[in-house]
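Using the supplied hints, reconstruct the complex from the two chains, each of which is provided in its own coordinate frame.
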Amino acid sequence: MAFRHKHILGIEQLSKEDIGFILDTADSFKEINTRDIKKVPTLRGKTIINLFFEASTRTRTSFEIAGKRLSADTINITASSSSVVKGETLEDTARNIEAMHPDIIVMRHSASGAPHYLADRLDCSIINAGDGAHEHPTQALLDMLTIRQHKGSLEGLKVAIIGDITHSRVARSDIYGLTRMGAEVRLAGPGTMIPPGIERLGAKVYADMREAIKGADVVMMLRIQLERQGKTLLPTLREYAKFYGLNPRNLTLAAPDALVMHPGPVNRGVELSSYVADGGQSVILDQVENGVAVRMAALYLVLGGEQGDNA
Amino acid sequence: MKILIKGGRVLDPAHNIDDSLDLLIEDGTISRIDKNIQEQGVDEMIEAKGQLVTPGLIDIHVHLRDPGFEYKEDIASGTRAAVAGGFTAVACMPNTKPVNDNHTVTTYIKTRAVEQGVCRVYPVGAITKGSKGESLTEMGDMRDAGCVAFSDDGHPVGSGELMRRALEYAKPFNLPIISHSEDLDLVGQGVMNEGFVATELGLKGIPWVAEAAAVAREVMLAEFTGAHLHVAHVSTRAAIDIVRQAKKRGVRVTCEATPHHFTLTEEAVRGYDTNAKMNPPLRDADDLEAVREGLADGTIDTIATDHAPHHIDEKNVEFNIALYGVVGLETALPLTLRLVEDGVLSLRDAIAKLTINPARALNLPGGTLEAGRPADVTVIDLNHSWTVSAANLVSKSKNTPFDGWKLKGIATHTIVDGKIAYRKG
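Residue numbers (my numbering), protein chains in the order written: chain A, 73 to 383; chain B, 129 to 553.
Okay, chain B solo, but in the shape it has when bound (with noise of 0.2 Å):
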């Protein structure tokens, strides 16, 4: 199998290559990226002019909801939803039903993945068994199997003491600990972000220390232990102050922030709309504004969807009782683009937070263009301009907050493993 990409803007931040090239696949692997490439026997021609071709893209947070909630999504509509939105390998959290705290989980969620899936799964196992914040799972165990982090996602360990330990014990193993950040007795019984929103709408806050209070514990114990720490879906200005600090003074720390955390504020939830209710909540403006220059300046290493389906049933009720999350991955590219457009980022560091970082924030293989190296390609139309409509999406779920929006960029080709896993329609 041959696939021969023609004329496209390759952009590979990781090797600083921003060029018009040709891109020749074979079997499975990049063979040559070169200009002007001539080749017989291809067996598919991407005209690729005026598009871009970058590494394939890569979400390090979403919930596939497989095993045990597949009504949301399972590992075959999740992988299509990716492949969809441009990303070729997902890692997914270990909040399933079992919990993937062993590594027969993991070796489930891997099998699936490579019976229905389209794109690359990466589990991500849970810290502590059950997430219960109890005691640690067999992390060795379990990397063998697959895991490629740990997190215990929604379930926040409350121990420090239990934490440090999850730390000192993924060290060795070179696995980052993922952490959701949250402080639960701040959090309390609060369903959106704490201040003038919520006053207006009478529902029950979520302060914004609840995040940083629990994120400057979370560093200063990479910092004492040594350790990889990932924070997950950072929201606010105080943690991200926390972070770039601890990051000026050498701490191991990577962190990620989503696209609706840099495109809302908690002004969507007015109307007391459940598709804005997430967690962490959205926040006000100046707090989105700091996620933007977090992006900017490099705190904040990568964007990650926090893809989070939801059946309908979920969501359709009142908004303290609704399910938190929203699903992500098929419009964050455009949503990341829109920095561009604002002059946020460049389009090579767009393009970065995408590929390149979130590998090395998991340690994972792909992020680049590289001869020889398996192609996971995404060929990109950036100025396609569309209307998102939650029923088209290819998720199960449809509990977006951009349904009707206008949005400009969108993937044409999702190569995987040297297989086109998506063509745009």
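If we strip away everything but chain A, and leave its shape as in the complex, we get (with noise of 0.2 Å):
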């Protein structure tokens, strides 16, 4: 099959078939990683642009040696928080990158929806690499390719959600991607982080954490944005560890092989203790490695594919 979209805005666009291609394309890129030379001819000659409004250290260097190793030339462009904060509006910043010609602006911004205004108005190929509270379509893409490389497929397993829905763009690329590809979502979190309606994305929303890994497959931690929780979504942290914090002792409820994940990086000692974050049931450094394969396979895609040699 052939990747058909121009720009990968979010998970929400894309089919099965399409997520499914993404993760095949990805996993043949994987090889290349482990290489003496880490370098393939694919995107030769192509200029990627890494216009990054939000601070942001692993995804951007995760693009920025996903697009160096099929040999494209990236550029990273770090705006202070918002183009706002600079006087410039973000057309005006747009048409300004596009005037220098590249072939795919990746983006990262506060505002939901940014890449898609950018992608209305440019030429060039957009990748949302997380828009405000939306989606983040190459980590949800990443947990994927992590799960079924350590489970074989996604069909019809458990997967857990636990921590900041409301505020969590991973959660909302997680829950399109997985329920997508056969998986049950399953939710929980305190209730001040439960956004209406998630449910009707497919989901269920649990009131007990407990209750939500019992038997699950995968346990996925959300990062709690302590800067974003302001004064009254969160008594104080201690309590949040307590009542939604995975420790071993609750790991025990889940599947007796299950994963863990977060997207990172990590409070530990809030959602993750360290005996957790650190343990033999924890993928969070696959989920890294796979990043970077996905990344590849999501910029190679959108460029259509068939630019250079393949590897």
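Since the hints were derived computationally from the structure, they do not count as laboratory data. Cβ atoms here follow ideal geometry from the backbone N, Cα and C, with glycine treated the same way. One thing to keep in mind: the hints can contain errors.
Partial pick of chain A residues on the chain B-facing surface, computed with a CB cut under 10 Å [as the list claims (entries may be wrong)]:
#1 GLU84
#2 LEU162
#3 HIS181
#4 ALA183
#5 SER184
#6 ALA186
#7 ASP203
#8 HIS239
#9 ARG241
#10 ARG244
#11 PRO267
#12 ILE270
#13 THR304
Encoded structure:
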């Protein structure tokens, strides 16, 4: 099959076949990352701009490495939190960048919908590297790739996602992707962090985290964004860790071979106890590793998947 | 100057008139309404056969942006947009720069309206100085300068005590207090209705209870003080229920709804369309139904546009930083007529909600056709189909969510004070 999307703005737009195709492509790229010479000429002569309006080290680095391993020229632009702060509108920023003729803009922005805004106005491909509390498609893809590698398939798996669902773009993208691939998604978190109607995306909401992780094949812990919670969503991190943290004791409720995942960076002792984060069931570093392969696949496929020589 | 409107269907809900009649205007005044008027020396004959002749439409909630934000709208352009939409009178909100919180600003608006305006302009003064919610304005003095009501509009009065005093103070002047009812704590950082669509789009939500809780407080204060409260742009079932119950108890409360709230739901925000960003936000289908029920059973007295012009640079940005509001003067009439088509309102009631009811809500003259009264008249072609084009709007700003919509019904003549202020080209 061919990948027919010019942009990757969200998992919502991707079919089951699209997702499977991206994951297969990522699998085929994965080997490049373990070679001695970690570079193929696939995107030689292509220009990729990482346009990050929000601080991010791992996602930006992951995209940068992915681009470089495909021989693209990657340029990082880190705008201070928002273009508005600099007095330039997003549209002007975009036009200026487009005038430099990039092939792909990888964009991270604090405003939900910002990459859609650019996609409507620019000719190049846009890959959403996280927009507000909306979507973070490549994170969901690397999550799915990691689960698939360990479990063989996503079909029929029980995946619990625990934490701040309201503010999590990772959660939304994961819910779209996992349910589309046939997994059962269970959600739990503080009542202040479960957004209205989320079950309409096909996930089941549990009041008690322990119920959500009972028998789960995957337990995915979300990062508590300390800076976003304000004063009203959580009493204390101590209480959060007590009721919504994953520790060796409640992990025993999950399937014996359950995977423990986290999009990182981990607040140790809050979402995850160190025993769990560093334990045998944790695949957190596999997620990071898979991130590069998934982003290579994304960059390759939005350009039509035919440029240069394949790996 | 004599104008004879011949053969139209004259519909004046205030006087229960709905008949094929002629209407004669002489020197700015309606001189006769009768069958088959034969008159010599007519300067202008409007052949209105097959058309509707109504009292001039009144919009009690607009933003003319003058003084201070003339790049969005000014009194000249805003009143031209009004007459193009069939309105002969508008009440303009005080969130100008400077805020209309003293008689000098009120006088400026009234003077400008006389110099440059093409319809009647009734300023709404601020409840508190600078709309800061700290101390009352000189309401009596501002009434003398021309204010017809008081509102802090987009800056709801946070203090219950201050709102109580505003109602008490305005009461002997017989001036209504207009409440933009929002509990700002509950609104928080929200930018659209809280619900499934916001969850999907990852946008922060404004819960319905932010409106309902505020309306509940205002209604109780109106009941307590006996003063007249007018609730602006109700948008939620809960708030409408509160007003309905209060009216049954005899509380002096009136309220309005906007065409966008009885036409669109939060679904319009999909795609992050900033022209669907308004305050209060577009709600869900049940709330839309509740607005229609409220209009039908009379809980909602009037239709007002909340005409809120914004420059394209203020809308062509990320959704969460776009300004709130849409223009509405030129689309209100056909959108209201859709309610008639949908069986929500009779034509008579629809016209009442654009004429006599808004006049009564703010104690304004007009809203009815009466011999001897100043001639504010709108002639409407109910069957004219047209497509909204944002680019062709008369308003300086083009922020409409109805661009490209096919609508039916349009004002063909808008007569203000006996002069033809607008004639459809």
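Verification of the supplied hints:
For A:GLU84, the interface hint holds, since its Cβ comes within 10 Å of a Cβ in chain B; the closest pair sits about 8 Å apart. Nearest Cβ of chain B to the Cβ of A:LEU162: about 6 Å, under the 10 Å cut. The hint holds. Of the supplied interface hints, the one on A:HIS181 holds, with its beta-carbon coming within about 7 Å of a beta-carbon of chain B, less than 10 Å. For A:ALA183, the suggested interface contact is upheld, since its CB lies about 4 Å from the closest CB of chain B, less than 10 Å.
Because the smallest distance between the Cβ of A:SER184 and any Cβ of chain B comes to about 4 Å, under 10 Å, the interface hint for this residue holds. Proximity of A:ALA186 to chain B holds as hinted, the smallest CB-CB distance being about 5 Å (cut-off 10 Å). Interface hint status for A:ASP203: upheld, as the beta-carbon distance to the closest one in chain B is roughly 7 Å, under 10 Å. Contact between A:HIS239 and chain B, as hinted, is supported at the beta carbon level, the nearest pair being about 9 Å apart and thus within 10 Å.
With a cut of 10 Å, the hint placing A:ARG241 at the interface with chain B holds, because the nearest CB-to-CB distance is about 6 Å. Among the interface hints, the one on A:ARG244 holds; its C-beta lies about 6 Å from the nearest C-beta in chain B, closer than the 10 Å criterion. Given the 10 Å rule on beta carbons, the hint for A:PRO267 holds: about 4 Å separates it from the nearest Cβ of chain B. The interface hint given for A:ILE270 holds, since its Cβ lies 5 Å from the closest Cβ of chain B, which is under the 10 Å cut-off.
Hint status for A:THR304: holds, given a least beta-carbon distance of 9 Å to chain B, under 10 Å.
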